[in-house]
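Student: Sequence:
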Amino acid sequence: MRIMLITVCVLVSLVVLIVGSQLWNHSQLRRGVLFDRQDLLHSADVFHVVSALKLKPGQELLEGVGRYVKGVEQQGAEVIYAGKVAFPKPRKSRQMPDLEWEAFVVSQYATRDAWETAVVSTNYTGLKNEFTRVWSLGMQRKAGLNFVVLLYMLQRRVRHILSGNAATYPFEPVEVPAERSLQVTAQRELLDEIVAENEAFSEDALVIINFQKFGDARQRSANSKYGDSMMSMLSEVGHGPVHIGRAISLEDDVDFDQVAIVSYPGIKYFAEMVQSKFYTSIFGGKQLGDDLSAPTVPILQHL
Numbered sequence: 040m041r042i043m044l045i046t047v048c049v050l051v052s053l054v055v056l057i058v059g060s061q062l063w064n065h066s067q068l069r070r071g072v073l074f075d076r077q078d079l080l081h082s083a084d085v086f087h088v089v090s091a092l093k094l095k096p097g098q099e100l101l102e103g104v105g106r107y108v109k110g111v112e113q114q115g116a117e118v119i120y121a122g123k124v125a126f127p128k129p130r131k132s133r134q135m136p137d138l139e140w141e142a143f144v145v146s147q148y149a150t151r152d153a154w155e156t157a158v159v160s161t162n163y164t165g166l167k168n169e170f171t172r173v174w175s176l177g178m179q180r181k182a183g184l185n186f187v188v189l190l191y192m193l194q195r196r197v198r199h200i201l202s203g204n205a206a207t208y209p210f211e212p213v214e215v216p217a218e219r220s221l222q223v224t225a226q227r228e229l230l231d232e233i234v235a236e237n238e239a240f241s242e243d244a245l246v247i248i249n250f251q252k253f254g255d256a257r258q259r260s261a262n263s264k265y266g267d268s269m270m271s272m273l274s275e276v277g278h279g280p281v282h283i284g285r286a287i288s289l290e291d292d293v294d295f296d297q298v299a300i301v302s303y304p305g306i307k308y309f310a311e312m313v314q315s316k317f318y319t320s321i322f323g324g325k326q327l328g329d330d331l332s333a334p335t336v337p338i339l340q341h342l
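Each position in the sequence shown, counted from 1, maps to that position plus 39 in my numbering.
Hint data in this document are derived by calculation from the structure and do not stem from the laboratory. Beta carbons: idealized from backbone N, C-alpha and C, even for Gly. Hints should not be assumed to be uniformly reliable.
[Stated by the list, open to error] Pair ranges (Cβ atoms, derived):
| no. | residue 1 | residue 2 | range |
| --- | --- | --- | --- |
| 1 | 294 | 109 | 27 to 35 Å |
| 2 | 187 | 128 | 30 to 38 Å |
| 3 | 288 | 139 | 17 to 25 Å |
| 4 | 316 | 203 | 16 to 24 Å |
| 5 | 183 | 218 | 21 to 29 Å |
| 6 | 204 | 164 | 50 to 58 Å |
| 7 | 71 | 228 | 28 to 36 Å |
| 8 | 257 | 203 | 27 to 35 Å |
| 9 | 139 | 183 | 33 to 41 Å |
| 10 | 70 | 266 | 20 to 28 Å |
| 11 | 239 | 67 | 19 to 27 Å |
[As the list claims (entries may be wrong)] Straight-line C-alpha distance at most 30 Å; calculated DSSO-like pairs for lysine-lysine:
| no. | residue 1 | residue 2 |
| --- | --- | --- |
| 12 | 95 | 128 |
| 13 | 167 | 252 |
| 14 | 252 | 131 |
| 15 | 128 | 264 |
| 16 | 252 | 316 |
| 17 | 325 | 252 |
| 18 | 109 | 93 |
| 19 | 307 | 128 |
| 20 | 325 | 307 |
| 21 | 264 | 325 |
| 22 | 264 | 181 |
| 23 | 109 | 131 |
| 24 | 252 | 264 |
| 25 | 93 | 128 |
| 26 | 95 | 307 |
| 27 | 109 | 95 |
| 28 | 316 | 128 |
| 29 | 167 | 128 |
| 30 | 316 | 264 |
| 31 | 325 | 93 |
| 32 | 131 | 181 |
| 33 | 307 | 264 |
| 34 | 167 | 264 |
| 35 | 325 | 181 |
| 36 | 95 | 131 |
| 37 | 167 | 109 |
| 38 | 93 | 307 |
| 39 | 264 | 131 |
| 40 | 167 | 93 |
Let the hints inform the model, and build the full structure from the sequences given.
Tutor: This is the structure we're talking about:
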């Protein structure tokens, strides 16, 4: 009986140590790499708003986004994340205005009523008028969901280690047919330019903003398998979902089901991923009724 009790205590201590280590690493990732200010635990009343920004011609990126961040903070919101769109033509939603968005800002309001009050104020109207367009989608989630997602990704990581399966990264590049070599070379050179430009803002993080409308049963099944493969890949490198919540329409009566904001270990990693055998073998499974998928690099640390 005593041996069993000691064994249980050792196992419990080990679990506490592992979870504590994961919490510490995740906190360091959020604050020091993603420059994400979200507390791991927060009130269920808080209301998140994800705003897409289109700058006016000639408006400088950091100055413009910094002005928006300062403006919403003056109205009592807390800015959680700000990111520069990293690729010129991200996956667009047919429900949103057809614009080349340049940045996304995630803000947290104490309640939805606080947002509703702020959005009709003359100060916020004036702030929006400083841009070509500001378009927002709400996100509501349960308290503690961050913690649940963190434990899920830890479980995925431990399961992968115990399985003995080969690591996904470093990626194996996809084989290119000879007749497409020139085209692919040009695409890779463009990717290299995009990587270099965006690493000037952040080398170690890429954050993808996803607005998702789920599809039919067949699409959901395919997308679930795709998502499972992606979560397994990201768990290996200590990244994955950082914000997940129910989408709330704030403009244009849009119909999205979910907002999912996911981190990757840098734009170079992402560029290598999209050119890999792994990703090209699963990408066809990404099936949604409608979605926006905008890769961004963190810029809040520069504002």
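Student: Look at each hint and say if it fits the structure.
Tutor: Status of each hint after checking the structure:
1. 294 x 109: 27 to 35 Å: holds (32 Å)
2. 187 x 128: 30 to 38 Å: Since residue 187 and residue 128 have Cβ atoms about 34 Å apart, the given range 30 to 38 Å holds.
3. 288 x 139: 17 to 25 Å: Once the Cβ atoms are compared, 22 Å apart, the range 17 to 25 Å for residue 139 and residue 288 holds.
4. 316 x 203: 16 to 24 Å: holds (20 Å)
5. 183 x 218: 21 to 29 Å: violated (53 Å)
6. 204 x 164: 50 to 58 Å: Because 54 Å falls inside the window, the suggested range holds.
7. 71 x 228: 28 to 36 Å: holds (32 Å)
8. 257 x 203: 27 to 35 Å: The hint (27 to 35 Å, Cβ to Cβ) holds, given that residue 257 and residue 203 are roughly 33 Å apart.
9. 139 x 183: 33 to 41 Å: holds (37 Å)
10. 70 x 266: 20 to 28 Å: Holds: the Cβ-Cβ distance is about 26 Å, inside 20 to 28 Å.
11. 239 x 67: 19 to 27 Å: 23 Å Cβ-Cβ, so the 19 to 27 Å window holds.
12. 95 x 128: Distance ~18 Å between residue 95 and residue 128 Cα, so the pair holds.
13. 167 x 252: Holds, at roughly 26 Å.
14. 252 x 131: holds (12 Å)
15. 128 x 264: holds (26 Å)
16. 252 x 316: It holds: about 27 Å lies between the C-alpha atoms, which stays within 30 Å.
17. 325 x 252: holds (12 Å)
18. 109 x 93: Holds, because 17 Å separates the two Cα atoms, which is no more than 30 Å.
19. 307 x 128: Given that 30 Å is the threshold and the Cα spacing comes to 17 Å, the pair holds.
20. 325 x 307: holds (21 Å)
21. 264 x 325: holds (9 Å)
22. 264 x 181: holds (25 Å)
23. 109 x 131: Holds - the C-alpha atoms of residue 131 and residue 109 are around 28 Å apart, at most 30 Å.
24. 252 x 264: The given pair, whose Cα atoms are some 17 Å apart, holds under the 30 Å limit.
25. 93 x 128: Status holds; Cα separation ~14 Å.
26. 95 x 307: holds (29 Å)
27. 109 x 95: The hint holds at about 18 Å.
28. 316 x 128: holds (23 Å)
29. 167 x 128: Between residue 167 and residue 128 the Cα gap is close to 23 Å, so the pair holds against 30 Å.
30. 316 x 264: holds (17 Å)
31. 325 x 93: holds (27 Å)
32. 131 x 181: Given pair residue 131, residue 181 holds - Cα atoms ~27 Å apart, limit 30 Å.
33. 307 x 264: holds (25 Å)
34. 167 x 264: Outside the cut-off at roughly 40 Å; violated.
35. 325 x 181: holds (26 Å)
36. 95 x 131: holds (20 Å)
37. 167 x 109: Distance of about 12 Å is within 30 Å: holds.
38. 93 x 307: Holds: residue 93 and residue 307 sit about 25 Å apart, inside 30 Å.
39. 264 x 131: holds (22 Å)
40. 167 x 93: Since the Cα atoms of residue 167 and residue 93 sit roughly 10 Å apart, the hinted pair holds (cutoff 30 Å).
Hint violations for this structure: numbers 5, 34, all remaining hints satisfied.
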